[in-house]
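K.L.:
Residue numbers (this note's numbering), protein chains in the order written: chain A, 1 to 273; chain B, 1 to 273; chain C, 1 to 273; chain D, 1 to 273.
Because the hints were derived from the structure by calculation, they are not lab data.
Heads up, the beta-carbon is just placed ideally off N, CA and C, and yes, glycines get one too.
Treat the hints with caution; some may be incorrect.
[Said to hold, decoys possible] The calculated lysine-lysine pairs, modelled on BS3-like cross-linking and capped at a C-alpha distance of 25 Å, are: (1) A:LYS168 / B:LYS139; (2) C:LYS139 / D:LYS128; (3) A:LYS267 / D:LYS18; (4) C:LYS267 / B:LYS18; (5) D:LYS128 / C:LYS128; (6) C:LYS139 / D:LYS168; (7) C:LYS267 / B:LYS33; (8) C:LYS267 / B:LYS267.
[As the list claims (entries may be wrong)] Simulated DEER-style distance windows between Cβ atoms: (9) D:LYS9 / B:PRO201: 54 to 60 Å; (10) D:PRO201 / C:ARG169: 28 to 34 Å; (11) D:ARG141 / B:ILE273: 33 to 39 Å; (12) B:ASP202 / D:GLU268: 38 to 44 Å; (13) D:PRO201 / B:GLN7: 55 to 61 Å; (14) B:LYS267 / C:ARG169: 19 to 25 Å; (15) A:ASP202 / D:ILE207: 44 to 50 Å; (16) B:LYS267 / C:PRO181: 34 to 40 Å; (17) D:THR68 / C:SER179: 27 to 33 Å; (18) C:PRO108 / D:THR66: 58 to 64 Å.
[Said to hold, decoys possible] Covered stretches of chain C (in silico footprint by chain D; criterion: 3 or more residues with CB under 8 Å from a CB of chain D, positions within the stretch not fixed): (19) 123 to 136; (20) 157 to 171; (21) 213 to 223.
Number of protein chains: 4
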Amino acid sequence: MSFFETQGKQIHYESDGKGRPVLICNGIMMSTKSWIPFVPSLSEHFRVLRLDFYDQGESAILEGETYTQDIQVELIKVFLEHLNLEKVSIVGISYGGEVALAFAAKYPQKVDRLVVFNSCSYTNPWLKDIGRGWIKSGKTRDGQHYYQTTIPVIYSPTFYESHLDWMKRREAVLLPIFSNPEFLDRMERLTLSAESYDIRPDLQKIIAPTLVVSAEEDYLTPIANQEALVKELVRGEWIKIPGAGHASMYEKPYLFTSLVIGFLLAKETTYTI
Amino acid sequence: MSFFETQGKQIHYESDGKGRPVLICNGIMMSTKSWIPFVPSLSEHFRVLRLDFYDQGESAILEGETYTQDIQVELIKVFLEHLNLEKVSIVGISYGGEVALAFAAKYPQKVDRLVVFNSCSYTNPWLKDIGRGWIKSGKTRDGQHYYQTTIPVIYSPTFYESHLDWMKRREAVLLPIFSNPEFLDRMERLTLSAESYDIRPDLQKIIAPTLVVSAEEDYLTPIANQEALVKELVRGEWIKIPGAGHASMYEKPYLFTSLVIGFLLAKETTYTI
Amino acid sequence: MSFFETQGKQIHYESDGKGRPVLICNGIMMSTKSWIPFVPSLSEHFRVLRLDFYDQGESAILEGETYTQDIQVELIKVFLEHLNLEKVSIVGISYGGEVALAFAAKYPQKVDRLVVFNSCSYTNPWLKDIGRGWIKSGKTRDGQHYYQTTIPVIYSPTFYESHLDWMKRREAVLLPIFSNPEFLDRMERLTLSAESYDIRPDLQKIIAPTLVVSAEEDYLTPIANQEALVKELVRGEWIKIPGAGHASMYEKPYLFTSLVIGFLLAKETTYTI
Amino acid sequence: MSFFETQGKQIHYESDGKGRPVLICNGIMMSTKSWIPFVPSLSEHFRVLRLDFYDQGESAILEGETYTQDIQVELIKVFLEHLNLEKVSIVGISYGGEVALAFAAKYPQKVDRLVVFNSCSYTNPWLKDIGRGWIKSGKTRDGQHYYQTTIPVIYSPTFYESHLDWMKRREAVLLPIFSNPEFLDRMERLTLSAESYDIRPDLQKIIAPTLVVSAEEDYLTPIANQEALVKELVRGEWIKIPGAGHASMYEKPYLFTSLVIGFLLAKETTYTI
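Next comes chain A alone, as it looks inside the complex (with noise of 0.2 Å):
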């Protein structure tokens, strides 16, 4: 367990295994030790960097604070000078996948390599509005309310059902994290950091190869958001997992790791003739 400090608030992180540096960045509801289960095969090869952002696991808590993903964008700036480290490769999900095509396009020289998986270029006000009413639902400090408002929708219908046995625990698990006022309160300022996101403008700086990684059945990242995000990159590559939901690394652990390791591995190979 590691922390650094930066305009007086703690940064948690952890570093595992050596050589090339890969950052990965939570989704929103994410810490680092939600990465555990995919550290051994990742760190085998890179250098795994788990950060957790303002308002994420044991990071500083911003209470009282509004601010936007910015903010986690210029702590990954200082995180990487925290280090040391003058290039890294960037996997994200959902929030940090957005936090992470942010960072590309604002600092493009700082990353090699880009893995984003459901992730859009802004926020559609469609989804906006559907967190606004998980922030109501926070709000009543119920925690199977903030519970079956989030989770399902998180998940395909595919996964959920055949893993209800699964989802039980997930639950059990859950439910006093989603009962805790504080908790609830990081979650409102996570969310509602991410309406404003919006980097269609600037797509074009990323000059990192970028694969972005789709799942059929994401009921919160519109597919059709995230084609237009491919369509705009100069070097992406795009990916779709049938059968899994906005949670594809939980649900296809196995195909997630498979899809960092061989992304960041592998030389930018073209077919010419």
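Using the hints, position chains B, C and D against chain A.
P.N.:
Same frame as chain A, now just chains B, C and D:
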């Protein structure tokens, strides 16, 4: 505005046009009024019957009762007897599509054609948990909360984003309704009534030609479940609407009308060699 | 069997039923006869007009000539004049859908509704090269060769495999035709006539409500091209048939009939708030 | 350039890099040379083995013989024995993917991981008839005819249209080869060898984790058949490449390389609660 009585309860319906009877079955939050824009086109060709299920529109409120969708199935039966109709074509969407399918499986001789939009043959446990969240949201009596929890996911992100003004007007119409405790209690009972829905064992009893209409951005009725439904139907046909969501009839009203009229009027054409 | 003459050429057509005129435009290998199974259902509602284009069915053979699809567009114009029809609804599939779209773009006032199946707004160079292979295959005068080159790709693998007997009977019917040098020469001219087809600059001239029907296993009309077509149409609607291929009308005859009848009869419904 | 002999026949192969052996299996028209652009990236991580099947590249020509794909399955077995390899990872595309699947089903202990692109578990009668057309086309000895019959359908219309110059150069390379009677006879035998391919009864014998990669515009390997394949695999994972066709490795070489490297290197991650 017409009424009939059954078991001491008043049931509301509307009848427009002449000729072959076609019954329209409401989605869960809908009422006979929701179909007004469709009546002029449909009633050129059919006697259009609109029915408020129990706890919908102007029909009896079942305060304090618990029931399953079978109560609505039986209501259709009584309604047809009231009108002295031996056979009817049925069109249903979502909750109404499920009641229609259940009716056609229970009383196959009474249905000559069936068109269901955004409907499944059972309630996926995933959807059940989403419904539980809706109920919790309703219990807050906060109309906007109920709106944000239920409405965005009913519309495709494509429609929602491209019809923001339409959605805002819709929100203005719905907020007072969604703030009405009686309405929210009705919604709770209706939502619960669908939890045990499962007609998979009876699907092959349906003998009427049946058109299943799926919307590609329907985030409430899993498309895999709709595909499974079609495969079990003896005379099922399947069609998909791209760029539409669960509220397909509002998002694509012209297509909705076309599909209904066409499937009900066409002879069951085959191409033999 | 009816004929009329234009520029010294005999043109064959059929007229069934009364009332509103609906013109059916053949795919490239089809003729008025191909539609016989559809006439009983369609002619209940419309005056169904079937027309053999130049080099099709019983119409004039343009031996030794080269031409573009515009010759067929003009043929429709003359045909409507012959029948004293100012306006018509048009239904077309593949080659016939393209002629229909081109006609509606060139003479927008003469078309009140349009339904096109498996049609694009231009001939993709990919399809052009496939067509060149068809022509080479025809030049061998080996009917089975022409059959194997053209027919399997016209049907979805799903239909082909599940209707093997049907396909074998179809093959028996087609082999003598596909061994006929005159027929093969007609096919060559018709195929070449489509090579330069490109109405993309004129799509917005089409003012008729237009239903674009795509089949998900259509391996000749790229679905991306059909999506692009719909997006350019001022009043376009889009629907997809799962499990069907390029010969959608043979594979899903009931759906074909339903879609045509419904889209032509429905009022252009909107849902305003 | 390496060779070994089996049953009096010379077999050609290439070996690049060190470490864990990965065998690449050619599609029907391919040879070891087709993979040259991929070797630099793959051989950084594996000992890359490329093998010309019978009637491919520099391997023995089976003039006058008829055989099934099982002859290639046995060839892999002999090849591994020749190299003293007990276990291998296999990557195959199309014909090569089918041989790989058949090998893994027949000799499950010899395969530790499997990646198949654009492959099915049996030859659909639809594809069989398409193959018959290819053979007839080859018998004309007209290279351009063979090109037009086989090549466009191998590429997605999206790629073909956006890489017209690439395709023209490819055509120039292929025309002399496709005009060579010996090559065309080889293709005929290889095509016929796949007609009886059907390992559906044996799929569950495959114990290696298997990645099935489908391309959404693959017009030769029905996607429904690939879905059925995945569902039968004990440890199957599925991924789809949008905008690519049957020649996925040429159309998306960077993705191809990434998927192979990632799936072979990743630990089989699970996420347990």
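K.L.:
All hints, please: hold or fail.
P.N.:
The hints, checked one at a time:
With a C-alpha separation of about 23 Å, the suggested pairing of LYS168 of chain A with LYS139 of chain B holds against the 25 Å cut-off. Using a Cα cut-off of 25 Å, the hinted pair LYS139 of chain C and LYS128 of chain D holds, with the two alpha carbons roughly 23 Å apart. About 17 Å separates the Cα atoms of LYS267 of chain A and LYS18 of chain D, which keeps this hinted pair within 25 Å; it holds. For the proposed pair LYS267 of chain C and LYS18 of chain B, the alpha carbon gap of about 17 Å is at most 25 Å, so the pair holds.
The hinted pair formed by LYS128 of chain D and LYS128 of chain C meets the criterion: a straight-line CA distance of about 24 Å does not exceed 25 Å. Between LYS139 of chain C and LYS168 of chain D the alpha-carbon distance is near 23 Å, which keeps this suggested pair within the 25 Å criterion. This hinted pair checks out: LYS267 of chain C and LYS33 of chain B have alpha carbons roughly 19 Å apart, not beyond 25 Å. Our distance criterion of 25 Å between C-alpha atoms is met by LYS267 of chain C and LYS267 of chain B, whose separation comes to about 21 Å.
About 58 Å separates the C-beta atoms of LYS9 of chain D and PRO201 of chain B, a value consistent with the hinted range of 54 to 60 Å. At about 30 Å, the CB distance of PRO201 of chain D to ARG169 of chain C agrees with the hint of 28 to 34 Å. Checking the proposed 33 to 39 Å range against ARG141 of chain D and ILE273 of chain B shows it holds: the Cβ atoms sit about 35 Å from each other. Roughly 41 Å separates the CB atoms of ASP202 of chain B and GLU268 of chain D, a value that falls within the hinted 38 to 44 Å.
One distance hint, 55 to 61 Å for the beta-carbon pair PRO201 of chain D and GLN7 of chain B, holds here, with the actual separation near 57 Å. For LYS267 of chain B and ARG169 of chain C, the hinted distance range of 19 to 25 Å is satisfied, since their beta carbons lie about 23 Å from each other. Range check, ASP202 of chain A to ILE207 of chain D: about 47 Å between beta-carbon atoms, so the 44 to 50 Å window is met. One distance hint, 34 to 40 Å for the beta-carbon pair LYS267 of chain B and PRO181 of chain C, holds here, with the actual separation near 39 Å.
Taking 27 to 33 Å as the suggested C-beta distance range, the pair THR68 of chain D and SER179 of chain C conforms, at roughly 32 Å. For the hinted restraint 58 to 64 Å between PRO108 of chain C and THR66 of chain D, the CB-CB distance of approximately 59 Å keeps it satisfied. Closer than 8 Å: that is the beta-carbon criterion, and the region 123 to 136 of chain C has 9 residues meeting it against chain D, so the requirement of 3 holds. Note: the region 157 to 171 of chain C has 5 residues with beta-carbon separation from chain D under 8 Å; the three-residue rule is met and the coverage holds.
Coverage of the region 213 to 223 of chain C by chain D holds [criterion: at least 3 residues with CB-CB distance below 8 Å; count 3].
Consistency note: the structure conflicts with none of the earlier hints.
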